[in-house]
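Participant: The residues making up each chain are set out below.
2 protein chains.
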Amino acid sequence: MRIVLDAMGSDGAPAVDVEGGVRAARRFGQEVVLVGREDLIRSEMSKYSADGLPSSVVNATEVIEMAEHPSRAVRNKPDSSMVVGMKLVRDAEADAFVSMGNSGGVLASALVSSGRVGRIKGVSRPAISTVLPTVSGRCFLLDIGANADCKPEWLAQFAVMGAVYAQRVMGVDNPRVGLLSNGEEDTKGSQMVQEAHALLRGLGLNFVGNVEGKDITHGRADVIVTDGFVGNVALKTAEGVGSMMMSLIKSEIKSRPLAVLGGLLAKPAFRAAAKRLDFREYGGAPLLGVNGTVIIGHGRSDARAVENAVGLAIESTKHDLIEAIRQSVHDAAAALATASA
Amino acid sequence: MRIVLDAMGSDGAPAVDVEGGVRAARRFGQEVVLVGREDLIRSEMSKYSADGLPSSVVNATEVIEMAEHPSRAVRNKPDSSMVVGMKLVRDAEADAFVSMGNSGGVLASALVSSGRVGRIKGVSRPAISTVLPTVSGRCFLLDIGANADCKPEWLAQFAVMGAVYAQRVMGVDNPRVGLLSNGEEDTKGSQMVQEAHALLRGLGLNFVGNVEGKDITHGRADVIVTDGFVGNVALKTAEGVGSMMMSLIKSEIKSRPLAVLGGLLAKPAFRAAAKRLDFREYGGAPLLGVNGTVIIGHGRSDARAVENAVGLAIESTKHDLIEAIRQSVHDAAAALATASA
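Taken in sequence, the protein lines are chains A and B.
Under our numbering, the first residue of the first sequence carries the number 1, and numbering increases by one thereafter.
Under our numbering, the first residue of the second sequence carries the number 1, and numbering increases by one thereafter.
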């Protein structure tokens, strides 16, 4: 198996990405293809005893930055690590693509002519996903930004694709699928969400109905479906609340000498709690609906997160994710056609 | 001044609401009119030395529960505390209405014929609001659930009304108004949000542009505007993350003896942090756009929160909130008409 890793993706690129790639090659024994500025990559690799590991380097001279407008950047930078790396998957020279970079850029790279892996047959719109911690485990949330305006049918496909991923790669048996809404009752929601609700009922999924914002972290569903606008707001709201709480607690502890001592004694507990809240444990999440295995990680990833993201790409490939999605999307279309006939 | 307090609103009603009402009458010296089941209210009042305080009781035999469908409940329960209380404001027998109950029920009570205070002239849709803690202060967020599907013009009015409230009642000078979106760039957002963005530019507000979910808690704006679907999801996501983090930290501390000791030493710091995160400090937030001063508090309110909510109603009345909104909405309509001419 060959996994392409965008070496220029993370905020700490290429150091973090290369270290993570080397660790992944060592841990999983599959070939990691590092794509990006070859001189920089080789210089980073020389810091590790990477000789003999299954890894290779493909040069790409351009870098798509985090703040760049995705489709414009991808058009203007055909020799970027994203476009060059995606092309390797398209041309079947590699099995999967992994990046900690600009998620819109990864999506655009997958669809632009120079890198095109394109969409899986039958998929209307690809979706960007994420994995969030819950009180009892994890929640798979999509779309978090690829599609600001969605049609009900797209949300139904997100649900199908999300359920396949949760089952095959996350190992969740018969995943509970929820539809994010402004209330649990079936009648709650925007017009679009209410129409999506009706479609989701007819798909044969383990559909638990509408779920609310608080249910994302309360573990009421394994997969939660929403449009890219709402998903993005929910994700970033969660991140904002998390960082505000941590900084408030820290500042209140610092201002009290006894509390400082208490904070030191409680540190292992804080660390354990922080670890359970840490996105780096998951490594990344897939770009679903494109015709290739693509994993996107957080820009703030460290080497361990990169290593885990490569691990997810390997798992996805092993479990034939793309073919499973193609089949499920096909079956869902048939189910909806029967239901409306 | 006479402030109507729904004595049957909170999860702990009528005990909590009556205690809060008595405290408010004592603290503010304005008449608090307790509406609800008179026998229960008088029995609660007898627990406090309420004699001589400016308070009165109006009987209402029915109660709208938290889980009831708002407009159906309001139609079927004309003798509910909400409808009866709202009618007192409509008939100018009181200046403001306060409830810790079903927020949709309060909205419906204000609009249904039996309680109708109606909308302020020129307002398309009332909005339910909330106040959230930030790293540096507070953020006023609306709509959080009255309107799942919004038109751009409605969001523009929410911005105008929110800015008036922040300035007059919250005491924020020249409040910064943000539009919740899936990215900071002007071009980000759903179609509706992009159109609202263009309108907001022309209103003469201190418009800081698009803000993201994380900016709700990061203090980037004093007023954040969104539709009732997204606002509800964002608010409940924030509540969910907050409670998950608290319970994770507690459970990790409990499982380690030394950390338990540390937790005890750090307790005052935790308390102080929790207080800064506590909605009860604010008491409630207004239902904006209806033709009467209406404050809605959290169902989980304690007596102090009820007391603070009555205080907000008094402040709003003192500062002539309704007339200020009427004038600002009128001016905004003129500004938009000029801009589009």
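Hints listed in this document are in silico derivations from the structure and should not be mistaken for laboratory results.
Wrong hints could be hidden among the right ones.
A pair counts as met if it fits within one copy or between any two copies, since identical chains are not told apart.
[Claimed, not checked] No farther apart than 25 angstroms at their CA atoms in a straight line, the calculated lysine-lysine pairs in the PhoX-like style are these: (1) Lys121 to Lys275; (2) Lys47 to Lys318; (3) Lys121 to Lys254; (4) Lys47 to Lys188; (5) Lys121 to Lys151; (6) Lys275 to Lys250; (7) Lys151 to Lys275; (8) Lys250 to Lys188; (9) Lys188 to Lys254; (10) Lys250 to Lys47; (11) Lys275 to Lys47; (12) Lys121 to Lys318; (13) Lys318 to Lys214; (14) Lys250 to Lys267.
Participant: Run through the hints listed earlier and report the numbers of any the structure violates, in increasing order.
Facilitator: When the structure is compared with the hints, numbers 1, 2, 3, 4, 7, 8, 9, 10, 11, 13 turn out to be violated.
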